[in-house]
Amino acid sequence: MTAPIKDYLKQSKGFHSAKWSEPVVMEMTGTGRRGVVFEDAPAPALPGKAARKTAPALPEVTEHDALRHYLHLSQMCLGMMGVSLFGTCTMKYNPRIGERATLEHLKNLHPLQEAETLQGVLELYDNFSDFLCEVSGMDQFVFQAGGGADAAYTHACVTRAYHASRGELQQRDQIITTIQTHPCSPATANTAGFEVITLSLEENGYPSIDQLKSVVGPRTAALMVNNPDDMGIYNPDIKEWVRIVHEAGGLCFYDHANFNGVMSRLRARELGFDACMYMLHKTFGAPKGGGGPAVGAYGCAEHLVPFLPAPVVVKEGDSYKLDEDRPQSIGRVREFWGNAPQVMKAYAWARAMGAEGLREAADISVLSNNYMDWRLGQAKGVRRSNPGIDAPRMEMTRHSVEQVTADTGCTVFEISNRMTDFGIDALWLSHEPWLVAEPFTPEAGELWSKEDIDYWIDVLEHVIGEAYADAELVKTAPHNGPIKALTSALDDPAVWATTWRAYERKHLKKMAAE
Amino acid sequence: MARLGLVINPVAGLGGAMARKGSDEPDIAARARAEGRAPLAPLRADRALTAFRQACTAEVLAGPQVPEGTRPVGPGDLTQTAEDTHAAVAAMQGEVDLILFAGGDGTARDICAANDGGIPILGIPCGVKMHSGVFARSPERAGQLAAGFLNDARRRTEMVEILDLDEAARRAGRLSARLYTVARTPLDGQGARQNPKAGNTDMVGEVDAALAAYVAGMREDTVYVLGPGATMMALKDRLGGGSLLGVDLAEGGLITARDLDETALMTRMVGRPVRIVLTVVGGQGFVLGRGNQQISARVLRAAGLPPIDVICGPDKLAALTPSELTIDTGDPGLDAELAGYWPVMTGPGRKQVMRVVA
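These protein sequence lines map, in sequence, to chains A and B.
Per our numbering, the first sequence starts with residue 1, numbered consecutively.
Per our numbering, the second sequence starts with residue 515, numbered consecutively.
If you're looking for bench data, these hints aren't it; they were derived computationally from the structure.
Careful, some of the hints might be misleading.
Said to hold, decoys possible - Pairwise CB distance ranges (calculated): (1) B:Gln594 x A:Gln403: 45 to 51 Å; (2) A:Val495 x B:Glu734: 38 to 44 Å; (3) A:Gln403 x B:Gln568: 30 to 36 Å; (4) B:Pro556 x A:Asp173: 25 to 31 Å; (5) A:Val495 x B:Ala730: 41 to 47 Å; (6) A:Asp237 x B:Gly631: 47 to 53 Å; (7) B:Ala723 x A:Thr476: 50 to 56 Å; (8) B:Ala604 x A:Asp237: 30 to 36 Å.
What the hints assert, rightly or not - Here chain A is said to cover these stretches of chain B; the calculated rule only asks that three of the stretch's residues, wherever they fall, bring their Cβ under 8 Å from a Cβ of chain A: (9) 520-530; (10) 827-841.
Unchecked claim - Below, a sample of chain B positions facing chain A; criterion: calculated Cβ distance under 8 Å: (11) Arg733; (12) Thr736; (13) Val867; (14) Met868.
C-beta: ideal position from N, C-alpha, C; glycine also.
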């Protein structure tokens, strides 16, 4: 848990980002300045038309200029460093030792080396598979998928291969999911060629067994679900669901994106699921964000192991090898063995936490969310999703500021923008489909302290108060950021420019005037 | 002591099965009598009143029609026009705490015009057009909601829109709702009232690929009964073009009849495999019984309860509160038989299961 920010809202004027009058780097050209000058660099010998007639327009800056320029830019756009209860993403501290470990142990390796020279990293893969098998009850994990959606796609492909191996693929052409399951499940099922049957929520916050039964049958290939979904309500009938789908001959996949609240409290396999997925870049302490490297760790029970993407790390005697000879494998879903540095960081995190640590983290994340939920319940104009349902919420819940929007005209986007003026990172709103109006979905996880959560909610309440007193202040936010919210510029192709060349073309007059 | 006002428009709903898009034409009652059609509203009002009395003992003042056990209000000599409704509502001012009425959008407009005191109103669904926010989803729910409202000392209400469609325009194939006024209606947390967001944009674009797939899968030997609405219009366009607000037939990949009434539907379906294709009324969640009364209980039974395919954009389904579809064929037995879970085609390779209730 983080250290408290004491009376931050009372004692300071809030946050203010750096704001440099920084030119575009192309405007720093024509000065004759240079970084490194290579005295004896040879002129390249190019065939006639390949050689350019005029020198390229490059910025002319010293090495120091370049460093200062990009440092200023980074100061103006650095996010995710305030209080970030960024829901569905399970924000965790990423221990810096993980960066050090990957640099030290992976940077000199190449996945095409002979396996006997890769024994350390292969052992790590095998150990981590064992660790996650213990957590989930599955029999084998693979780390090839480059994210949660890729792991869901892996499952859709495994489902296809499994039914094909039994001669039932033509008949089993439907995958069942629920409306609040992450949209990657229906999307990847469609991509793999299945028809998607989506179940709707009912009074308890999840679909009824009768609804499931109305669609399960000889065409059922698989069930793909989150549990709990982003509303944080756990489906207590899940074991019966799995039984019903199994009875009809379908497979069951547990998208464990929201695993944080139930770590070490339940095993997917013990609920009957055939396969599950964890996100190492969320739940298991490896970095996330920026669309960068991610890992969807996909685990399955014995009967699906032959279909896993190859290669699979296997132990033979005292040594490890990469098993490529898997005739029933679905093939690759990602190059080599996935994002190995992420696997190493997550492994380091998991080993440091241990079984006790996982359980404590799960409990704290549920406790934090319920505290947050209780406080948000007292905030003016804030309403919880499924307001009529008093079922306990686990590690996160979706809320709505629909009332505030109705009363003041300020949308959740504008409220989120205004919150950044207080050092709060932009809110996570909702997954598709947007069933909740003006939604936001905070998740505290085990990282954020009670004081941070209080500060976050204090700011939300403060901004809602501003919306009622002075809506314009909220609508025109941010006020303490490096720039104002963009309004029309991005709607007009004649104005926007994403490259310097486009800027020159579209804004000739303006440039001439300068 | 709380009192309930009850206003029954006996003419309401007559135009539905006659494919007249409403019952506002002055001679509709005479024409219905000539066709041997009995008024529907009094029967539906009785259903609501029965449900009301199971939960509430309040006195009921009624006019111009006076069901058994109610106290007459307003003038005794009737003109058989909207004037009767006006007079009854005027006489109820200061006398009742809620006006429960049996009718449709036209009746709602008439009541609001005479409701000078702003008494909360609640509709028993009996009309052809029910786009206003005041209608319960069934007569029973209307009775229960009225009882709950009068039993609760807080008498919580909310403002809703009173909409109506121009019937002449609707018969000509143009769907344009007009906002007439707003009214107070009992606050309903359980979704007993119809969702008032009528006129939602049909997500034709979203479901276009689903429609293409549907057309590709249509069978030569089957008669397709295509309901009204913008989504259905897009389907009809793919089959040579049909009517926006009517019930059309498609055979062999082409529209073969447009804007049929109940009788014509019965004739054309005889002895053939039939599929009914419908969409959802935006914001209301109705698939049967609103705007498509021609596909009546009689028609459905005569066709041997044929399969019903529902095509609707996911956004329209997401806007439904509660998340369910409603049917009201006028035959509670058939409604119960059809209720359950229906898969709705929402896109290519996508279906969403919706609970269907009466």
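Status of each hint after checking the structure:
Taking the beta carbon of each, Gln594 (chain B) and Gln403 (chain A) are about 46 Å apart, inside 45 to 51 Å as hinted. Taking 38 to 44 Å as the suggested C-beta distance range, the pair Val495 (chain A) and Glu734 (chain B) does not conform, at roughly 55 Å. Between Gln403 (chain A) and Gln568 (chain B) the CB atoms are about 34 Å apart, so this pair conforms to the stated range of 30 to 36 Å. Taking the beta carbon of each, Pro556 (chain B) and Asp173 (chain A) are about 50 Å apart, not inside 25 to 31 Å as hinted.
A C-beta distance of roughly 43 Å is found between Val495 (chain A) and Ala730 (chain B), which places it inside the suggested range of 41 to 47 Å. Between Asp237 (chain A) and Gly631 (chain B) the Cβ separation comes to about 50 Å, which falls inside the hinted range of 47 to 53 Å. In this structure the hint that Ala723 (chain B) and Thr476 (chain A) lie 50 to 56 Å apart at CB is violated, the actual value being about 41 Å. Our hint of 30 to 36 Å for Ala604 (chain B) and Asp237 (chain A) is violated, since their Cβ atoms are close to 55 Å apart.
As drawn, the region 520-530 of chain B meets chain A at 0 residues by the rule of a beta-carbon pair under 8 Å; below three, the given contact is violated. A count of 7 residues in the region 827-841 of chain B with a Cβ less than 8 Å from any Cβ of chain A is obtained; the coverage claim is therefore met, three being the minimum. Of the supplied interface hints, the one on Arg733 (chain B) is violated, with its beta-carbon coming no nearer than about 19 Å to a beta-carbon of chain A, more than 8 Å. Given hint, Thr736 (chain B) at the interface with chain A, is violated; its Cβ is 21 Å from that chain's nearest Cβ, farther than 8 Å.
Look at Val867 (chain B): its Cβ gets to within about 5 Å of chain A, closer than 8 Å, so that hint holds up. The restraint placing Met868 (chain B) at the interface with chain A holds, with a minimum CB-CB distance near 6 Å, inside the 8 Å limit.
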